[in-house]
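Given chain E's structure and the hints, the job is docking chain Y onto it.
Just so you know, the sequences run in chain order E and Y. Here the numbering used here is used: the first residue of the first sequence is 1, the next is one more, and so on. Here the numbering used here is used: the first residue of the second sequence is 1, the next is one more, and so on.
Each hint should be verified, as a subset may be incorrect.
Stated by the list, open to error - Distance condition first, Cα-Cα at most 27 Å in a straight line; then the derived DSS-like pairs of lysine-lysine:
1. Y:155 x Y:95
2. Y:62 x Y:125
3. Y:125 x E:4
4. Y:155 x E:4
Said to hold, decoys possible - Simulated restraints, written as ranges between beta carbons of each label pair:
5. E:10 x Y:204: 20 to 30 Å
6. Y:51 x E:10: 36 to 46 Å
7. E:27 x Y:74: 21 to 31 Å
Note that these hints are calculated values from the structure, not bench results. Every value quoted in this text rests on a predicted model; they were computed, and no experiment measured them. From the three backbone atoms N, C-alpha and C, an ideal C-beta is built for every residue, glycine too.
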Amino acid sequence: MSRKLVVVFLTMLVLVGAMGLKTAVVAHSDGSLIMAQGGAPQPPIPWKQGGAPQPPIPWKQGGAPQPPIPWK
Amino acid sequence: MLGPYEYAVWLICSLLEVAVLVCAFKKDALRRYLFLNVNTAASLVISIARYNILSHYGFTSKEYLYFYFYSDALLTITLYFALVSLYSLVFAELKAARYVRLGTVVLLSGTALFSYAVVQQSSAKLVTHFVVELSQNLYFVGLVLTYVLWAAVLKMRETRMRLIQLILSMGVYFSLFAANFAMQNLYHMRGSFFEYLTPLFGCFLPMSWAYTFWRVPEEARLAPSRLAVVPR
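Pulled out of the complex, with its shape left as it was, chain E reads as follows (with noise of 0.2 Å):
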């Protein structure tokens, strides 16, 4: 097998391997992210699921016009 082959095999191992472990992290998963680069204070999810009602979310948009969202 060429090498590059196996780098190709490797890094699919890799992917595998990450989005395993993901899946086994976010399992019980409340909808909230994982990411915090820098120090500035993450905004709220308009996504998030869990017990409490799900907001309208900002960019559904469609045919009919845009309701006022309530934080704006």
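Relative to the frame of chain E, chain Y by itself:
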């Protein structure tokens, strides 16, 4: 809403990023660790831009929300390249730069494809959800890649102390976020504790990089026996 704690942590984090760039410049590590410095500089610029947007539009505005998540994806990609540049340094003696480049492209493309596959059927705003999903997935890819790199360092008995410190700092950083995220999801302890803790983790990477550039010279070497005994 944001209190003095959030602003203080944000400011400290930005100052630490300035410290990384100054230390790298002073200790002649700007070009050797180019992608690490690019990531730090990008993080600093984005921090300033985020502050501008936050002060203009507010914390819960769409503008801040979009800018935050898009810029976070950009930073995650630069962090991914910073990590890959450490691979290039570790495998430099094996003349494996070509294979590292190939692996980088294949892994990034694979992650992007996987992210697209996840969001393509369930999202109204495809691009935004794709960006967020890609950013999330790259975090976990970075975590696995760091541990693979650490295994390679142990196996190859790498002795360059600065390089080892940088790899370990990446490992601790990714692990802190993953562990914090897992704990949050496991115990659903939103609110007080984790929301105070999470922004602090963002300061860890610039702090450890600034320390490494300032205190650990490029010529410093570790005795191989101090890393681990690996049977051959």
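Hint-by-hint comparison with the structure:
no. : hint                     : result
1   : Y:155 x Y:95             : 17 Å, holds
2   : Y:62 x Y:125             : 14 Å, holds
3   : Y:125 x E:4              : 37 Å, violated
4   : Y:155 x E:4              : 21 Å, holds
5   : E:10 x Y:204: 20 to 30 Å : 28 Å, holds
6   : Y:51 x E:10: 36 to 46 Å  : 41 Å, holds
7   : E:27 x Y:74: 21 to 31 Å  : 28 Å, holds
Of the hints listed earlier, the one the structure fails to meet is number 3.
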